[in-house]
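Going down the list, the protein sequences come from chains A and B.
Take the first sequence: its letters are residues 1 to 266, numbered as in our numbering.
Take the second sequence: its letters are residues 1001 to 1326, numbered as in our numbering.
Do not take every clue at face value.
Said to hold, decoys possible - Under 8 Å between C-beta atoms, here's a sample of chain B residues computed to sit facing chain A:
#1 Q1048
#2 T1049
#3 S1183
#4 R1218
#5 P1219
These are calculated hints, taken from the structure and not from any lab test.
Note that CB positions come from ideal geometry on N, CA and C, so glycine has one too.
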Amino acid sequence: MHINALDRYQTGESLIHHLDPRVKVVVTVLFILSNVLLPDGAWLAFALAWGLILFISLLARLGLGYTFKRSFVALPFALAAVTVIFSLPGEPLVAWDIGPWHMVATDAGVVRFVSIVIRTWLSVQMAILLTATTRFPDLLHALHHLHVPQLLVAIISFMYRYLFVLTDEAMRLLRAREARSARLAEGGGSGSLAWRARVTGNMVGQLFLRSYERSDRVYNAMLARGYTGQFLTINPHVMRGLDWMIGVAAVIVLLLLQAIGRMALL
Amino acid sequence: MHYVSPTYYLSGVTTPPGLHIPDGFLSLPIALLCWALAIGLLAVAVRQTQNTLGERQIPLMGVMAAFIFAAQMINFPVAGGTSGHLLGGALAAIVLGPWAGMLVMASVIVVQGLLFQDGGLLVMGANILNMGLLTVLIGYGLYRGVARQSQGVRLGMAGIAAWLSVMAGALATSLELWLSGTSALRVVVPAMLGVHAFIGIGEALITVAALAFIIQTRPDLLEAPDKARNGRGWVAAGLIVALVVVFLAPFASANPDGLERVAIDMGFIERGTDAPYQILPGYTIPLLGDTGLSTVLAGAAGVLAVAALTVITVRLLRRPAKSTPQ
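Model the full assembly from the supplied sequences, consistent with the hints where possible.
As structure tokens, then:
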């Protein structure tokens, strides 16, 4: 698997792509924070927040559907919030009797549930925009400038570098297991659970040893090239006037969103 | 899993479902509280790691983080279309030690959130705490407690620790969801713990088998970590977290009203957020009645059952492994 599998869109040329990664990280987190702070049922503010996402997608030349198509990652988790429909006190809407359970859906519960799902869906889309317009090494530099400990940033950089190598390694192990596992047409013949678990555990152990020994070789190769424990960069990441302007503008837009979201409920 | 397409592992569906909390599901106070706890522990981990390990450890921990990420994709069919796979916290803690294990697991969760949108950004502190820190605490603490025992005991304890670490993550996740007003306590705790009791068995089996493989192939890797230092503190910390899980989980499932009263008294949630609907009316444990003792007994029985299961599987796993190395 090639590293380009993730970086296809990150090399684009646009205002958003060239924005300082610090601004993008901070604005993304503030946007998510703003979603969480918007009260339940602030539909207008939610709609405007989605408009903001579409606007940024256009600026970044990604197309309107880009984030939408990728935004279903978090959807299965919505299941965790379903109970809120029946647990919030409010005007009853529908009542079901399922076996011994008497469940009453309330209007406040439905509003809370839909609001939670919308907040998540908006936040995921903004995070997708951040990832799609920023190269991961730049993202890590931003984390460094934002005072994430250097050790953690260094570990994550290494992880990113070897993620694809080891993922391929894991794929090879899976393919090898597939290749040596004959299966009867009508199913069965796949061994006991303990046996299957042992084979899988051996694969994980094998992957661990290969990774461990690889890290040894990586370290020696780095020493040979003059590694002293410090990472150097040729990209200075200086905040330009434009970066400041866009950052301030984004904060103002988010404050307006909050005002609109709160006003609508008053 | 027959064929895994690149989109499968790019889509981020790599870990047991239900533990990567997305943004929007936790309230701001809970998200910030979890961040504070996570940052506190990680800050200590960074300092400890910088003091005790050289720069040699940076590539090791980075590659190990990539290993955990990749290992989470290796799965095996269990039954009915479900598959068992690894979360990895206990395994990372046992092979890398606690501080490095925490940093590695935190890095995995950061990358999953930033790169794959698997887990949110504002709630990343909670995800790091649930899957990266609690799992490592339990995994390392319990394993450390039996570090001088025979190999069978060590592997058995590793299995128990792996199972408990998944349960700890599930319990923490459901409590956070409940305190945020997202889920009803009496549903989310039994549901999450029920699902993860099974996922945890997969975790335990893979962890034990992987450790057995590593012990056979490179025993030096597991003997080496720091000998006597701070052992007791870790054992105590691991035991405390494990005991909290063992006692709080059945208590929360069997007696949600009691827990809710505690939370209301302590000011965590407002009165009446979890109100007058009736799922499982008159919830009691069959045959045991509705006393505090019965829930504790049920918890202890559950742990004993898992311990017995683990011991049996360890026997099953170890015997053939000697004659036919994979």
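Evaluation of the provided hints:
Contact between Q1048/B and chain A, as hinted, is not supported at the beta carbon level, the nearest pair being about 11 Å apart and thus beyond 8 Å. Contact between T1049/B and chain A, as hinted, is supported at the beta carbon level, the nearest pair being about 6 Å apart and thus within 8 Å. The interface hint given for S1183/B is met, as the beta carbon of that residue sits about 5 Å from the closest beta carbon of chain A, less than 8 Å. For R1218/B, the shortest C-beta to C-beta distance to chain A is roughly 6 Å, which falls under 8 Å, so the interface hint holds.
Against a cut-off of 8 Å between C-beta atoms, the interface hint on P1219/B is violated, since the closest Cβ of chain A lies about 12 Å away.
The structure fails hints 1, 5 (numbered hints given earlier, in ascending order).
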